[in-house]
Amino acid sequence: MDVFEKAIRSIKERPASYYPFICVACLEFLFLVLIVLAPRPPLNRLLAPPISAFYGPQYLHYPAHYILVAYLFFMAQLWLSIFVGSFATGTSVAFLTHTRKKADFEAVVSALKKYSTIVGTSLCTAMVLFIFSKLAAWFTMNLAASGYWMQIRTWVIPILILTRFIFTIIIHAYLVFAIPVIIVERSGIIKSLRRSIRLCRQHFSATVAMVGMPMFVLFPIVMLQNRPAYIIDHIFPEAVLLVCIANILVSSLVVAPVITAAATLRVTEPKL
Amino acid sequence: MKKYLIPITLLALFLAQGCTPDRYAIERTYWRINQQTKSILDNPNGTPPVEVTRVVELLRNFSGSHPGSKLSLKAEFDIANLYLATKEYALAREQLTSIRDRFKEHEGICAEARFLTGISYQREGKLSESAQEFTRLITDYPESYRAFVLPHYFVQYYVARGMDIEASQALKNAITYYAGIAEKHPETKMGLTADLFIAKCHSEMKDWQAAADEFARIFETYRSSGFNLEGVLFNEALIYLKELKDVNKAREILAILVETYPESRYIKTAFKYTSLLEQKEKDRP
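These protein sequence lines map, in sequence, to chains P and Z.
Our numbering applies: residue 1 is where the first sequence begins, and numbers increase by one.
Our numbering applies: residue 273 is where the second sequence begins, and numbers increase by one.
Isolated chain Z (complex conformation):
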């Protein structure tokens, strides 16, 4: 009996695992391919094309073997991202079109594919085609998350490249867009998110006074709607403290935060900042 003990245990373990690939096994296979994808994305210029082709093949096989899995869609997007990173823009667009064709019913997926198509044109230097893609993204999929964050993306894009005139134009467009959404959905989560994006755009432009004013307006508008606005107050206080150097105003806002949200996760930091400010005031000659 003793000599059969190990084979029996191994057989029992094998049977316990099951023979068909379960969700966990699929995740493990995807993780292994994803590690190889990541290593290419980390160094796209130094990767030989044969390696890219090999990983793309792996991703295609994975996607084909598990069509019902969410990871299969991720693998499809990974292929497009690999092509984008290795500057194979035409192949990337082909892949993205194929995703759009297959998932016509899913607005979010199509919007993401359309966004990446716009990015591929942008990286290739074809700015008019890129603008066309982004416009189609907003008109075809207006309710998608990608359409929602696109104006903010433009502000980020121009600020990062130091294109000030285009950035301020993008900011104006973004504010109009988000203000429109906030007006359409007053005192809802959608409206609040849109208003927060306005403050984000101002911060992106380093217009700190406008950002702080926007946070103050958000707090006043939504305080009666039952939303948790502790982050809004905390960010406003941080802007006054670090960017505008208005210590009194920062302390005033932190006091409101402590009073309105005594259980807030920011309380500890708020108290730390307040005591730091008091200490600074004491040390002042």
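Next comes chain P alone, as it looks inside the complex:
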């Protein structure tokens, strides 16, 4: 808890380190609005044909459209986190570690200089997450198909989501220091990843707790976002939109800044 307190304090001391995450949240919200308004005029002229071609015309109708909203928003968030979110993290780290307070522009430039390295690291993280997510799905589905879990078949999807979530936390714990290391130590992709894994190994349980605790706040939201059909049937279709907005607020404005600040503190002050 100490590390979170210090992380929040450091964000308060350097409020500029929070702005990149606000920009990411705004971008995510913009994408969400575009996806929600896609089947309606005037945006439907532009967005309805690709949706119809890739996913089928049924997703242009109410309320089936909201199933696609959840999926497309997930995809948009994924790509934004790789290409924009990682840069925002880098910029935030630069703001947090800059000694001179009025060097905002300098901090952005220093993160921009390392943009390709940051995105490369982020792509590596995404690839590892993708492989482990597929492995988790394969493992859970095979266990379910073996008949071992026959009686709790309805629990397969929640169990799968939980397994993926735990995998995500562990992988993030191993790679969470990579971007702060790139900014602070100006190192390359491989070196930063290795250093991040080493830092995590040194304080494994503390790092998992550091990544896991804020992420568990996100867990119920991710769980709901993965089941849009359930939301449509049991609540109302527009609730999918509310879940996506909650996801933006929690992931981009709470989880990401806190984890970034905590990881930066760990890199700059290893004894913490």
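Don't read these hints as lab results, they were simulated from the structure.
Keep in mind that a hint or two might mislead.
[As the list claims (entries may be wrong)] List of simulated lysine-lysine pairs, PhoX-like, C-alpha gap at most 25 Å: (1) 540/Z with 134/P; (2) 478/Z with 521/Z; (3) 12/P with 275/Z; (4) 444/Z with 461/Z; (5) 540/Z with 514/Z; (6) 346/Z with 310/Z.
[What the hints assert, rightly or not] If the Cβ cut is set under 10 Å, some of the chain Z residues that face chain P in the computed set are: (7) 294; (8) 295; (9) 296; (10) 297; (11) 298; (12) 299; (13) 300; (14) 302; (15) 303; (16) 304; (17) 307.
For each residue, glycine too, the CB sits at the ideal point set by N, CA and C.
Keeping the supplied structure of chain P fixed, place chain Z upon it in accordance with the hints.
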């Protein structure tokens, strides 16, 4: 500039949505009314009449506001279904007659309305009036989908009520009717559908041997016509396996399925069944 940012964004979003109700907005309005209709249909006896009147009014207003939409017609049928569920048979028939009068040109719509009228008489216990309605449905709209499935509906109706004599009579009528259609349209999709309905009727009566024979005949008749008959073979194999307990015959048919349709979506299940049968044979003492 900053303080105008939020109002400008909201205004832009509003303008992007447009002011006139588009197709999507109409669908949303219908969905909301439909949820209320469904809740009445789920519990028609426990719903107060005032609630039914309110929802009927909502459906009428919706239908009146969007006359060109397909959902408007759906709303009209919803009103009839609500009356049917709440045992307001006279009102249901009035509604269905009004639909028939308004959509005289559309055979399918009129046939559906006529069918529901027959159902309303049937539920009221007026069986002769119901039979009259169904006869008129077949004579007035012979090409409609409702007329096509009606003989099968009769078989289902009598089987569900355990009326064996009437059910076997209905089965005979259905087979004659569908066989007639299949004869009129040989080696066409219509003929194939009619033949499949014969097999369905046999299955409804739990005459499994007749159903399996019918599937076999369908496969032999239509295999050269280029139709996808993988479902026919799969259903035949399932009947032999689960109902007639003829494992060898089931395996033989599954082998034909695998050979004829190697890309079939049933292949995985077919292999699963075949290996299961082999395992059973091995385990046999």
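Status of the hints after comparison with the structure:
1. A distance of roughly 22 Å separates the Cα atoms of residue 540/Z and residue 134/P; the hinted pair therefore holds under the 25 Å criterion.
2. For the suggested pair residue 478/Z and residue 521/Z, the alpha carbons sit about 19 Å apart, so the restraint of at most 25 Å is met.
3. Between residue 12/P and residue 275/Z the alpha-carbon distance is near 24 Å, which keeps this suggested pair within the 25 Å criterion.
4. Annotation: proposed proximity of residue 444/Z to residue 461/Z holds, straight-line Cα distance about 22 Å (limit 25 Å).
5. With a C-alpha separation of about 18 Å, the suggested pair residue 540/Z and residue 514/Z falls inside the 25 Å cut-off, and the hint holds.
6. For a cut-off of 25 Å, the pair hint linking residue 346/Z to residue 310/Z stands: about 13 Å separates their Cα positions.
7. Checking residue 294/Z against chain P by beta carbon gives a least distance of about 5 Å; that is within 10 Å, so the hint holds.
8. Residue-level restraint check for residue 295/Z holds (minimum Cβ-Cβ distance to chain P is 8 Å; threshold 10 Å).
9. Hint status for residue 296/Z: holds, given a least beta-carbon distance of 5 Å to chain P, under 10 Å.
10. For residue 297/Z, the suggested interface contact is upheld, since its CB lies about 7 Å from the closest CB of chain P, less than 10 Å.
11. The beta carbon of residue 298/Z comes within 9 Å of a beta carbon in chain P, closer than 10 Å, and the hint placing it at the interface holds.
12. Interface restraint check: residue 299/Z against chain P, minimum CB-CB distance 4 Å, threshold 10 Å, status holds.
13. For residue 300/Z, the interface hint holds, since its Cβ comes within 10 Å of a Cβ in chain P; the closest pair sits about 5 Å apart.
14. Against a cut-off of 10 Å between C-beta atoms, the interface hint on residue 302/Z holds, since the closest Cβ of chain P lies about 8 Å away.
15. Interface restraint check: residue 303/Z against chain P, minimum CB-CB distance 6 Å, threshold 10 Å, status holds.
16. The beta carbon of residue 304/Z comes within 9 Å of a beta carbon in chain P, closer than 10 Å, and the hint placing it at the interface holds.
17. Look at residue 307/Z: its Cβ gets to within about 8 Å of chain P, closer than 10 Å, so that hint holds up.
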